[in-house]
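Trainee: So the chains spell out like this:
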Amino acid sequence: MNCEESKELLVAYFEGLLEDSEQKAVEEHLKDCPACQADLQELTGLHDRLVTNGKALAQCNLEKDVMNQVIREQNVRLKATTRATEALKIRRTIMKSPVTRIAAAAAVIIVAALGINSIMAPSVTWAQVIEPILNARTVVFDLIIGGEDSGMVSHEIVIGSRIRRTMSNMPNMTLIIDMDNARMLALDTVGKTAIYTDISGDLGDSTRSYIKFVREIITQLQDGQVEHLGEQVIDGQKAVVFVGKGHNEQVTFWADPQSARLIRVEAKIGQDFSFVMKNFEFDANVDESLVSMEVPEGYTQKENDIALGNATEEDFVESLRIWAQIIGDGTFPAAIGTEATMQQMPTLVQKVTAMQVSEEKGTRIGMSFAKGMLFHQIQESQGQWKYTGAGVKLGDASKVVFWYQPQGSQSYRVIYGDLSVKDVAEENLPK
Amino acid sequence: MSENDKFYVERCLDGHPDDFRYLVRRYQGVLLANLAGKLGSRDRAEEAAQEALVRAYFNMGKLRKPDSFFSWLLGIADNVAKEHERKDQIQRQREIVRSSLQESSGTELSQDYALESAIAELPEAYRQVILLRYYGGHSCGQIAEQLDMPLGTVTKTLSRAYAMLRESLQQQKQAEVYEV
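Chain order of the listed sequences is A and B.
Residues in the first sequence are numbered from 867 upward in steps of one, following the working numbering.
Residues in the second sequence are numbered from 343 upward in steps of one, following the working numbering.
Source of the hints: derived by calculation from the structure; they are not laboratory data.
Virtual Cβ for every residue (Gly too), placed ideally from N, Cα, C.
Mixed in with the good hints there might be a few duds.
[What the hints assert, rightly or not] Stretches of chain B that chain A covers, calculated by requiring three or more beta carbons in the stretch to come under 8 Å of a beta carbon on chain A: (1) 360-372; (2) 465-477.
[Stated by the list, open to error] To list a few chain A residues with every Cβ distance to chain B over 10 Å, as calculated: (3) Glu874; (4) Val917; (5) Thr918; (6) Ala922; (7) Gln935; (8) Glu939; (9) Asp1044; (10) Ala1105; (11) Thr1219; (12) Tyr1282; (13) Asp1284.
Please put together the full structure from these sequences, using the hints given.
Mentor: Have a look at this one:
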C-alpha cells in the first residue's frame, strides 16, 4: 500500500470500518511511513478535540426552555386565533380529536325558520333565475359562513335530500346529512373514524340544507315580493340583483343578465348570522355514493350517545359555561353565534386535549358545547335575543350575559355571569 | 435513538407537542455547535438554538419531507444565525473570548471557539457530517442512513472535512500570532 491509498482509507481506519485485510494493510503501511503516522496523529488529535467539545456542548439542556416556550407560544397563538386561516395550522390536531368531529358538525347545521311577507307579482326574469334552483336534483356550491373574509368555506354537494359537506377550516372532515331520517354521519378521513349523530326533534324538523332553505324562500317569493334592484357588478361580472325580505331575514340574488344563471346568493338571518353562496353548479353529474349513509370501508365506527335535537336553555347555559371556563379561561367571549362557534372550535379542541380527559369526556364536552349553541341558532332565527357577555367574568352574578324571549312568552329569560337564569318582564330588561 | 425523526415529526403534527422534546434532545448539541462558531459565544448560541427549535416546531407543517428534518432544522438555525449576526459585535466578542480564554487557560467551560468557528465556516455538506458525528452522537453508519448516502461517501466527506478544519485552525493560529 502506498501513501495515496493509505490516506484514502485513514478515516475509515480509525473509525474501525475497514475489513480485516484492509485494516492490516493500513497498519503495515503506517509502521513504515512517518508522514502518514503524523497524519494519523493529527487526525486523532482533531478527533479528540471534536469529541471533547461535543461532550461539553452535550451537557447543555435546552429542553425545558424550548418546551416551555413552545407551550407558551402555542397558547398565545391560540388566543390570537380568531381567523380560520390560523386554525388551519393546527388542523391535524383537530382531526385527531373526536370532540370536534361532532361538535363542528353540529355547529354548522343550520336552523332556518322562514317568514317572508308576501305581496307582489313575479317578474319574468326572476322566474328564469329561480328555475334551475327549483328543478335541480343535484346542486354543488361553495358556502361562506360569515363575511367573505372569514375564510370559512364549506363545499356542499346536495343530492336530493342529502348533503355532503366539507369545510375549509376542518379539511379532513366530511359530514353527510340525511334530512329525511334526521341523521348525520361525520367522517374523519385521516383517523378513519365514523360517528352517527341523531338530529331528530325540533332540530331535524327545522333543519334544512341551505339550498332547500333558499328554495323555500324562492317558493314563497314567487307568490310574494321580490325587489328588482337593477344591475351591479359582483365577483367581477355584471349581474341583475333581486332582494327578498322576510321579517327576520333578507336574501339577495345575483344572476347573469343574459343567461339568468345564478351567480351568488347572500343571506342575512336574524341580527348577526349571514352566509354567501357561490360557484353554483346545478344538476351536476355527481355520484350518488357521495351521500351514502353507510360507514365507508376501512372506517371504524365510534359510539356517540348524545343526540343534538331538542336543545334546551339548560344546554345553552352549559355551553356558555364551557365557552367561558374552557375556551375563555374564565371570561365570556366577545361574541357568540354560528360564526364565532366555528371559529372557536379549534381552540376548544386544543384546550380539551390539554386537559387530558378521556375521549369519552372530551366528546361529551364538544357535544354539549355544540348542542347549546344550536339552541342559540334557533333563537338567532326565531326570536329576540341579545348577548352582552363580552369580557364578563364567569361567576359574576351582577352582570347580564344573555337574554332572550322564548317563543310565545310575554316575559324574557335573563342569564347572568354566574349562569343563574331569571324570568324578567320587558320593562326590566337591561338596556 | 429509539425512533427516527420522521416518527416524532409526525407525532408533533398529529397533536402531541410534547414529543417535540425528543427532537430537542437529539439535536440541541448539534445546533449549539453549529451556532456557537457562527455567533461567537455560548450564550448567544443557546439563545439562537432555542429560537431555531421553537421556529421549527411552529413551521413543522411546512416540512415537506419529515425524513429530512435535520437538514431543514439546520437551515432554520442558519437563518436565525444570520439574523442574529452583527459582524462587528461578533468580532468584538470573539476577541474578548480569546483573550479571556488565554487568561483563564480556558478549561472552565471546555469550549473551543476556534474549533467551533472553523466548523461554522465549513460548506454545508461537510458541516452536516461533522455535526452529526461529534455533536449528534451518530456513528458513520447512522450518518449514512440519515443523510441517505453510501458509507464510503460518509468517510470521504469526513476526511475532506477534517482537512478543511485543520487548514482553518492552522490559519486562525497564524492570525493570532500576528495579532499578538
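Trainee: Find the nearest Cβ of chain B to the Cβ of Glu874/A and say whether that gap is larger than 10 Å.
Mentor: violated, 8 Å
Trainee: Once the closest CB in chain B is found, is it more than 10 Å from Ala1105/A?
Mentor: holds, 38 Å
Trainee: Minimum Cβ separation between Gln935/A and chain B greater than 10 Å?
Mentor: violated, 5 Å
Trainee: Given that the segment 465-477 of chain B was listed as covered by chain A, double-check it with a C-beta distance under 8 Å for 3 or more residues.
Mentor: holds (count 4)
Trainee: Test the statement that Asp1284/A is away from the interface with chain B: the closest C-beta pair must be farther apart than 10 Å.
Mentor: At roughly 34 Å from the nearest Cβ of chain B, Asp1284/A sits farther out than 10 Å, so the non-interface label holds.
Trainee: Given that the segment 360-372 of chain B was listed as covered by chain A, double-check it with a C-beta distance under 8 Å for 3 or more residues.
Mentor: Held - the segment 360-372 of chain B has 7 residues with a Cβ nearer than 8 Å to chain A, which meets the minimum of three.
Trainee: A cut-off of 10 Å on Cβ-Cβ distance, and Tyr1282/A was said to be off the interface with chain B. Does that hold?
Mentor: holds, 36 Å
Trainee: Is the nearest CB of chain B more than 10 Å from the CB of Ala922/A?
Mentor: violated, 4 Å
Trainee: Verify that the Cβ of Val917/A lies farther than 10 Å from every Cβ atom of chain B, and report whether the claim holds or is violated.
Mentor: violated, 6 Å
Trainee: In terms of Cβ atoms, is chain B entirely out of 10 Å range of Glu939/A?
Mentor: violated, 7 Å
Trainee: Is the claim that Thr918/A lies outside the interface with chain B correct, judged by CB distances over 10 Å?
Mentor: Violated, because the least Cβ-Cβ distance between Thr918/A and chain B comes to about 6 Å, which does not exceed 10 Å.
Trainee: For Asp1044/A, is the shortest CB-to-CB distance to chain B above 10 Å, so the non-interface label stands?
Mentor: Nearest chain B Cβ is 30 Å from Asp1044/A, so the label holds.
Checked against the numbered hints above, the structure violates hints 3, 4, 5, 6, 7, 8 and 11; every other hint is satisfied.
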